[in-house]
Amino acid sequence: IQDRSPEVYFSSKSPHSWIDEAEKLKMIYGDMKKRVEDMVNSGKVINDHRSIQSGQFCGLFDLWADKFTRHDHPTIIKVLQDTDTEIMPNLIYVSREKRRSSPHHFKAGAL
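Add 2 to the 1-based position in the sequence shown for my numbering, that's all there is to it.
Simulated from the structure, these hints should not be mistaken for laboratory data. It cannot be assumed that every hint is accurate.
Cut-off 16 Å, straight-line C-alpha distance, at most; resulting in silico cross-link-like pairs (EDC-like, lysine to aspartate or glutamate) [to be verified]:
(1) K28 <-> E9
(2) K69 <-> E25
(3) K35 <-> D74
(4) K36 <-> E9
(5) K26 <-> E39
(6) K80 <-> E99
Please read all numbers here as calculations on a predicted model, not as lab measurements.
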């Protein structure tokens, strides 16, 4: 069984056979999480030239519009880090669709 939640996975005390790559992914995830939280709190997409130039987050918020809010937006899926193998690590940002007109409490199972 593998932990799929980033917080649980990165806080795990069990040693990773790929510790250097795990640390790199942990930093990328932490940076991405902070950027997403900052954008949600500000209510707008912040142009960060550092991330755009590196291409790391290019296109992540291309679909974001002024009318989108934390509680009303389409699904966003972006692969931030992919490996050539089928084993971990993969870093994928997923924000499920939320609409004020329909309850969203049971949609997480579809992820």
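Structure-based check of all given hints:
With a CA separation close to 9 Å, the supplied pair K28 and E9 stays within the 16 Å bound. In summary, the hint linking K69 to E25 is not supported, as the alpha carbons are separated by about 36 Å, beyond the 16 Å threshold. A threshold of 16 Å between alpha carbons decides the hint, and for K35 with D74 the separation of about 19 Å lies outside it, so the pair is violated. Our distance criterion of 16 Å between C-alpha atoms is met by K36 and E9, whose separation comes to about 13 Å.
Between K26 and E39 the alpha-carbon distance is near 20 Å, which puts this suggested pair outside the 16 Å criterion. Pair hint K80 plus E99 holds up; C-alpha atoms about 14 Å apart against a cutoff of 16 Å.
The structure shown violates the earlier hints numbered 2, 3, 5.
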